[in-house]
Amino acid sequence: MALLPAGPPAPAPIRVLGMIVDWAVVGIGALMVTLVFVNVVLHVFGRDLAWVVELSELLMVWVTFLAGAAAARRGTHMTITEFLDKLEGGHRRLGDALIQVIAMGMLALLVYFGAGLVNASWSNELTVLGIAMAWQYLALPVGAAATFVFVGWDLVQILAGKSTTERFGG
Amino acid sequence: MFVATVFAVFFLIALAGVPLMYALLVTTLGMIWAHGLSHSPETIFLTFIGGVEPYILIAVPLFIFAGELLSQGGVGKRIVEFARVLLGFLPGGLGVVTVASCLMFGGVSGSAIADTAAIGSLVIPAMVQRGYPRGFAAALLAVAGTLALLMPLSIPFLVYAFISGVSMRQLSMSGVVPAMICALALIAVCVWYGRKTGCDNGDQRASAAEIWAATRDAGPALLMPLIIVGGIWSGVFTPTESAAVAVVYGLGVSLFLYHDLTWRDLPRLLLNAFQTSATVMLVIGATAALAWLLTVEQVAVQLAAWVQDVAHAQWLFLLLVNISLLVLGIFIEPLPALLLTAPLFLPLAQAFKVDLVHLGVIMTANLAIALYTPPVGGTLFVAAKLAKAGIGEITRALVPLMAATVIVLMLITYFPWLTRILPSLVL
Chain X
64 MALLPAGPPA PAPIRVLGMI VDWAVVGIGA LMVTLVFVNV VLHVFGRDLA WVVELSELLM
124 VWVTFLAGAA AARRGTHMTI TEFLDKLEGG HRRLGDALIQ VIAMGMLALL VYFGAGLVNA
184 SWSNELTVLG IAMAWQYLAL PVGAAATFVF VGWDLVQILA GKSTTERFGG
Chain B
493 MFVATVFAVF FLIALAGVPL MYALLVTTLG MIWAHGLSHS PETIFLTFIG GVEPYILIAV
553 PLFIFAGELL SQGGVGKRIV EFARVLLGFL PGGLGVVTVA SCLMFGGVSG SAIADTAAIG
613 SLVIPAMVQR GYPRGFAAAL LAVAGTLALL MPLSIPFLVY AFISGVSMRQ LSMSGVVPAM
673 ICALALIAVC VWYGRKTGCD NGDQRASAAE IWAATRDAGP ALLMPLIIVG GIWSGVFTPT
733 ESAAVAVVYG LGVSLFLYHD LTWRDLPRLL LNAFQTSATV MLVIGATAAL AWLLTVEQVA
793 VQLAAWVQDV AHAQWLFLLL VNISLLVLGI FIEPLPALLL TAPLFLPLAQ AFKVDLVHLG
853 VIMTANLAIA LYTPPVGGTL FVAAKLAKAG IGEITRALVP LMAATVIVLM LITYFPWLTR
913 ILPSLVL
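So the protein lines, in turn, are chains X and B. With the first sequence counted from 1, adding 63 to any position gets you our numbering. With the second sequence counted from 1, adding 492 to any position gets you our numbering.
Simulated from the structure, these hints should not be mistaken for lab results. For glycine and all other residues, C-beta sits at the position ideal for the given N, C-alpha and C. Each hint should be verified, as a subset may be incorrect.
[Stated by the list, open to error] Below 25 angstroms or equal to it, Euclidean Cα-Cα: the simulated DSS-like pairs (lysine-lysine) are: (1) X/Lys-149 - B/Lys-877; (2) B/Lys-877 - B/Lys-569; (3) B/Lys-569 - B/Lys-880; (4) B/Lys-688 - B/Lys-880; (5) X/Lys-225 - X/Lys-149; (6) B/Lys-880 - X/Lys-149.
[What the hints assert, rightly or not] Simulated restraints on C-beta separations: (7) B/Ser-613 - X/Pro-68: 13 to 21 angstroms; (8) B/Ser-613 - X/Val-219: 32 to 40 angstroms; (9) B/Ser-530 - X/Pro-68: 41 to 49 angstroms; (10) B/Glu-534 - X/Val-191: 21 to 29 angstroms; (11) B/Thr-787 - X/Glu-229: 41 to 49 angstroms.
[What the hints assert, rightly or not] Examples of chain B residues toward chain X, derived with CB under 8 angstroms: (12) Ile-550; (13) Met-773; (14) Leu-774.
Only chain B is shown next, with the shape it has when bound in the complex (with noise of 0.2 angstroms):
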């Protein structure tokens, strides 16, 4: 009744367009006082504060720099360019390069929205030139920026790594192959997209010096992810000192490589990194305070002890979570998603005997499709704005490429080897 009473009252708050942050504290702070419980506001700010402060959390904010740098910095063209003379002979062409582009640029940026705006930038009117409908290419776009999330240096991973308290190491592995068999789920599409229609039959395939040009013109950007995961990986640096060194080699790629940010350009982009982190961190904040109240009142357990009633079986638990963070990711942004559900859904798990790790992937895998889901959706919008497409046109678009990715889904929930397979070879 407790549970039920706060997510009830939470939501509605939220819902009304109330900020999320302040939606978690009244929650939080009305529960207390409705319930007549006695823990004081004081211990509740303490917990709120205490949420922004660890160390591994300083990564979100650097990697989003690190991002906004990239981005910026004149790297997305160079991926297209590489993925176009690698891949763009292939039937659907430019949709194939386009989902290459979104893995490569992914790895880079770890930002769908980013991910989806720098390419879709640049592929969209290329795509609509060439006749896809402007519907199909903002679908495309919307559904591939979204393959950013299961890449190395993933915000979703990060957040979900400090709840969680798994190995971001071993986190940011994992979600490497599911993002490469969506990626080629979507390829796979576009290839028979492209057969179907006849709109693009692919380009001529690209000379030697071609490919070493466009491969010397992007080595430098394609190189960061394998500095940082490598760093990660070989235990140079954690998690949070590999955000410092993205920084860095951001800043050296775009400001001395490529020449395409100038020093002036740097005070905007700390600003808007983190303005941007803040409003992650204060949420995270404002829900480690919330998450103190319901382990303090013992909810998770109840919870999970009515979720055993329900679900007999770990398929049965693991195919509940999927259907809620679909429905939840219909109305809310993935990292407030994953930062309200994963308190609730780590103890279940730990019950269904669910290894961690692979929960995190599958939490992410959901919430990125949330990004694309009809009405409302941050890549939806990016991609529906860049493409000047109306909404309805895109959702019937979208029916082929969301039918890929809730298959890899299943394929990524119900096989956990799918997800252990990298972090078995190289940790």
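The following block holds chain X by itself, in its conformation from the complex (with noise of 0.2 angstroms):
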């Protein structure tokens, strides 16, 4: 049995893709659970290690985009669809085209701007760890471009006519 859950049908480079990103959050995760929980024990003899306070921060931020791309993947992200349900036929597939263009253009920004971030802290250090700030904030354009790759692999799966079943499955 596969040690972690199949995404939908794609081609083998975005399956590679969505591999990559969700091992990676296993990794990122385990490694999070792992430093906190240490941290309490040394808590417990008296002692701190105030690095993890802000590298936990720093892979929060890592794990949170990159499990959003994986969730962007399987289409679980939070959504009011009551209204859009009650759509069928070629209305529906019009309706879950134009939210991911939306979707598709805001990635877009937050590729780009994010990129802008990235470039404008690499002199700005974070305090305890002592390595740039960018590092943080590459999460953003690098979490935005998995998860555009993955909407847009959508898109062209709504505009060949497929089902969220087919897509997502039930």
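Hints are included, so try docking the two chains, each in its own frame, into the full complex.
Quick look at the structure:
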């Protein structure tokens, strides 16, 4: 049995990107649990690793944007679909396509301005870790770019006439 | 006018089916552009990133992961058995067991959906077999599952504590008494229903040996909320650290004690937990961006002045809070509704001298009701699916249960000492 749930059907490069994103989320998640727990244990013995808080915050930003991409790949972002679900056939496809176009527009802005934030912050350092803040902000354009690919592929599927169930399963 | 336009634009986009994260960002950037404001997109996106990084919020994915570990790690069946030997003899016994199980499991999972799914899959078949109508079984699960939101590991509590700046220690203790009152009210309805319909007159009383065996089996799972709350209460760890302890404890119980999970299950559970958390965190970040715009444009101050004109007294303000959240909750799930409304209600509550911890419990209790208010709702759908019942028959069966929870909501709203009593005793 596979260790991770399969994503929706897609060409090989998108499937590989999906797997990289999924395993990155698992790895960062496991590291965060370990770091925070180790700090609790040290706490009990009256010690504290100050860098754990800053590193956990950095990892939190990365895991959130990457897991956001994984969620977009599986169509599980928080959405109010009660009205959309009343549409059928071509109207539903048009609605789904418009939503993905809006999402892609916003993701393009996130990549563009996110890259700007990264470029502008190589000289600013995180207080305890002493590394450039750009490493933290980099999560935004990277996560948004991966999401853009998944949403773009979903748009292609919608335009090919596939329903929500066919794209993401029941 | 500005705030009305913001909400009109946001709801239009969100109700059209655009994921909430994008709907919030489009609204924020759209309002800046439409009003010719000078805020740069970089500022908005920096606030967006800033909204997802605070250390306290790391507890969100960790609590979700701990809940997943225990939900899928065989805790549910042990808790149901524990509740059965203790309370199954009462009239409406299976209903009573359902409510008690949901309360205890809620203390472990902190998630209403997990609570409804885990307990529902165990008790609904037994309830139907005993003669309960499917509609009532589903309605009871949909309502009882939401008790999790008022228990100490509640995710909405954590999010509210972050937004409002109130102490998570205090907030997590404040929900326990309201959750227990709500459980008692539901138990009363179950006893009444069991007697009235005659479908469930209760089991034989369990023997001391049976009670001991069930307690020993469920004990490790039931200890978890005590360890977490005790750790936070005694200051050994912070709420964020308590989440990591919950994960490690959940791993120990599920992998080594109950053996219902294996190491191979962990990557899948980690991915699920962090994916679920990301969908919440990204909405939190996008809400932070919109909230920043509303703050710099002085919207909260204007809104506070307007509400003070409309609502002349604290009781009227609280009534407006309840009504607006109940209506909003029909369309929107609890967390987004909390994220959208808390930044607006907080300054108003301060103007009306409402304790912010009390407001957090009121808002969470309201949004819990939203989870089963027909026609849409998270626990409503899960329970309907498990019971194979239609929304119409569930809606009819919901009437007495919902009446009980709304009465409890009013008690929580207008008797704030119900939320203060436990924190004042233990903190």
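Does B/Lys-569 sit within 25 angstroms of B/Lys-877, going by the straight-line distance between their CA atoms?
holds, 19 angstroms
Does B/Ile-550 meet its interface restraint, that is, does its C-beta lie within less than 8 angstroms of any C-beta in chain X?
holds, 5 angstroms
Does the alpha-carbon distance linking X/Lys-149 and B/Lys-877 stay inside the 25 angstroms limit?
Distance ~20 angstroms between X/Lys-149 and B/Lys-877 Cα, so the pair holds.
Is the interface hint for B/Leu-774 satisfied, with its Cβ closer than 8 angstroms to some Cβ of chain X?
Because about 5 angstroms separates B/Leu-774 from the closest Cβ in chain X, which is inside the 8 angstroms limit, the hint holds.
Given pair status - X/Lys-149, X/Lys-225, alpha carbons within 25 angstroms:
Since the Cα atoms of X/Lys-225 and X/Lys-149 sit roughly 17 angstroms apart, the hinted pair holds (cutoff 25 angstroms).
Given pair status - X/Lys-149, B/Lys-880, alpha carbons within 25 angstroms
holds, 22 angstroms
Need the status of pair B/Lys-688, B/Lys-880: alpha-carbon distance at most 25 angstroms?
It holds: about 24 angstroms lies between the C-alpha atoms, which stays within 25 angstroms.
Confirm or reject the claim that B/Glu-534 and X/Val-191 have a C-beta distance inside 21 to 29 angstroms.
holds, 25 angstroms
Per the CB criterion, is B/Met-773 less than 8 angstroms away from chain X?
holds, 5 angstroms
Between B/Ser-613 and X/Val-219, is the Cβ distance one that fits in 32 to 40 angstroms?
Holds - the Cβ-Cβ distance for B/Ser-613 and X/Val-219, about 37 angstroms, lies within 32 to 40 angstroms.
State, for the Cβ atoms of B/Ser-530 and X/Pro-68, whether the hinted interval 41 to 49 angstroms holds or is violated.
Taking Cβ atoms as reference, B/Ser-530 and X/Pro-68 lie about 46 angstroms apart, which means the hint holds.
Just to be careful, I want the Cα atoms of B/Lys-569 and B/Lys-880 compared with a cutoff of 25 angstroms; is the pair within it?
Within the cut-off at roughly 21 angstroms; holds.
Violated hints for the displayed structure: none, as all numbered hints are satisfied.
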